[in-house]
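Chains as they are written, first to last, in our numbering: chain A, 3 to 302; chain B, 3 to 302.
None of these hints come from the bench; they were simulated from the model.
Treat the numbers as computed from the prediction; the structure is a model and nothing was measured.
A few of these clues could be false.
As a list, the in silico DMTMM-like pairs of lysine to aspartate or glutamate whose alpha-carbon atoms are at most 25 Å apart [unchecked claim]:
#1 A:K256 / B:D205
#2 B:K290 / A:D253
#3 A:K163 / B:D284
#4 B:K163 / A:E211
#5 A:K163 / B:E211
Not the full set, but computed from the structure, chain B residues with beta-carbon under 7 Å of chain A [what the hints assert, rightly or not]:
#6 L183
#7 S219
#8 W221
In this text, a Cβ means the ideal position worked out from N, Cα and C, and glycines have one as well.
Protein chains: 2
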Amino acid sequence: MTEQIKRVGIIGLGAMGMGIARSLLRGGFEVHACDVRPEVVQQLVADGARAAATPAELAGQVEALLIVVVNAAQTDQVLFGEHGAAAHLAPGAIVIASATVAPEYAETLGTKLLAMGLRFIDAPISGGAAKAASGEMSVMAAGAPDTFAVCATLFDAICAKLYRLGEQPGQGSKVKMINQLLAGVHIAAAAEAMALGLRAGCDPDALYEVISNSAGSSWMFQNRVPHILAGDYRPLSAVNIFVKDLGIVLDYAKKSVFPLPLSATAHQMFMQASAAGFGGEDDSAVVKVFPGITLPAAKV
Amino acid sequence: MTEQIKRVGIIGLGAMGMGIARSLLRGGFEVHACDVRPEVVQQLVADGARAAATPAELAGQVEALLIVVVNAAQTDQVLFGEHGAAAHLAPGAIVIASATVAPEYAETLGTKLLAMGLRFIDAPISGGAAKAASGEMSVMAAGAPDTFAVCATLFDAICAKLYRLGEQPGQGSKVKMINQLLAGVHIAAAAEAMALGLRAGCDPDALYEVISNSAGSSWMFQNRVPHILAGDYRPLSAVNIFVKDLGIVLDYAKKSVFPLPLSATAHQMFMQASAAGFGGEDDSAVVKVFPGITLPAAKV
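Make the full structure from the sequences, and use the hints.
See below:
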């Protein structure tokens with residue numbers, strides 16, 4: 003086996019990043035961590051990670067850098083902003099970027115890093131916080147074969163499924179974008195279905211059970227409707243994430259003048275929820291755009 | 003155990019009805035069958051069923067009558083049309099109606115049958131032809147407890163899950179209607195996602211595999227996208243079924259002035275496919291509404 007990466011940096015310790023970092027520690031990697039919230043870094047230091055004050059400081063210590071932030075702007079900031087990592091990485095170091103971004107952004111980033119003598123894997127992730135914590139998430143990845151070759155044990159530690167979707171950066175982000183199209187439409191559809199059920203006087207718990215076992219089910223229906231039934235809108239993934247992700251989908255399609263009627267409709271529903279003040283709530287709060295129904299109250 | 007129904011009539015031997023009839027024969031019931039296509043009835047006679055020339059003729063032979071047709075108009079025809087069954091059923095005989103119909107229709111039908119001295123179970127079905135054949139479909143049912151009590155072995159023979167959703171006819175059809183809302187939106191969303199993937203140059207087989215294992219998946223995505231990948235639009239369930247079913251959903255919501263943005267959009271997509279000449283094709287042919295892409299060719 004090709005000699006493997008051992009010193010890994012991770013920037014962004016949110017729900018996904020923290021789980022990935024812990025999976026790397028369990029996998030025996032030397033983990034360097036950085037986050038805008040120092041107290042979160044300290045939690046990880048207690049588990050054996052090494053803290054870095056800035057991306058630049060972290061960059062000098064690692065052979066590969068995972069960036070687990072929420073969007074392209076943050077990815078850019080981490081790499082090229084003040085105290086950014088890119089200029090301080092060793093020649094040939096590998097950048098693995100996991101935010102959901104426009105495919106064109108991933109392409110451009112790959113070109114830019116290559117010109118700096120660095121290597122790049124376009125690697126959006128899916129599966130949620132629980133799977134990240136157990137090292138079982140999915141990665142939709144694109145990059146050069148020799149780059150994947152030295153990251154085999156790294157990906158083994160953090161994911162159950164590594165989909166290699168091509169050699170060109172952007173090919174991972176395209177598939178992730180289309181996954182987000184469906185994820186967003188399915189969350190909004192789950193909300194619409196439950197709203198109509200409440201309006202029609204159905205028992206919402208029975209409706210959830212029947213549909214979960216029928217042809218109308220989706221991964222998102224099964225995962226998000228329990229939040230509605232429990233009246234629990236604490237954000238695991240927020241409404242505003244789908245304002246962004248469906249926005250990426252629609253911007254991409256607009257460039258080639260391609261119609262996406264359901265994505266456009268779902269995007270409007272998330273924007274309506276955000277504009278009404280629910281942008282920071284769990285994405286299942288898109289159900290609050292439906293008037294004339296009484297949602298299940300929070301279980302105390 | 004309460005004495006059970008033994009002589010069962012079934013009217014409508016399509017993909018679902020034929021499977022249900024065979025499940026009843028396997029379960030040891032005396033099965034009387036009727037369909038507008040006599041040759042289909044003869045297939046079932048070879049397996050032990052008894053043929054009836056008309057619903058009226060069948061009605062005199064049975065304690066319970068399953069109606070497995072596609073809509074309310076056919077249900078009405080079978081019961082109240084020329085040679086209809088209703089007037090010939092024995093007092094207290096049970097009508098079990100399985101078409102997807104408007105909840106108000108099921109309510110009215112229950113009242114009408116009750117006034118004739120008959121009993122009624124509102125019993126839409128879900129699961130597809132394969133599950134009907136193996137006796138493992140789902141039934142979303144509403145009716146009186148004593149009616150269910152004498153049909154216990156009947157439902158055991160034909161379904162894996164009997165959901166009892168209330169005593170009032172219409173309560174089963176409401177839940178089925180909401181399942182169809184999701185089923186229709188999810189088929190149209192699967193088509194939209196695959197269309198964008200093709201436009202973006204993704205490998206469609208890889209896209210299917212990744213999304214089937216990710217948070218963007220749905221029952222319909224997993225079930226219908228293989229038809230698109232194989233270029234096989236022979237109808238298992240046709241585009242026009244969702245023109246009808248999403249029409250029922252939207253009509254229902256319109257009566258109480260309730261907005262359903264995604265259902266309305268998906269309904270337009272199925273109507274566009276139908277108007278373009280694909281109404282009789284498999285519902286996955288809704289993908290043909292997307293211009294500017296080359297769909298996978300039929301595998302010969």
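Violating hint indices (sorted, rising)
3
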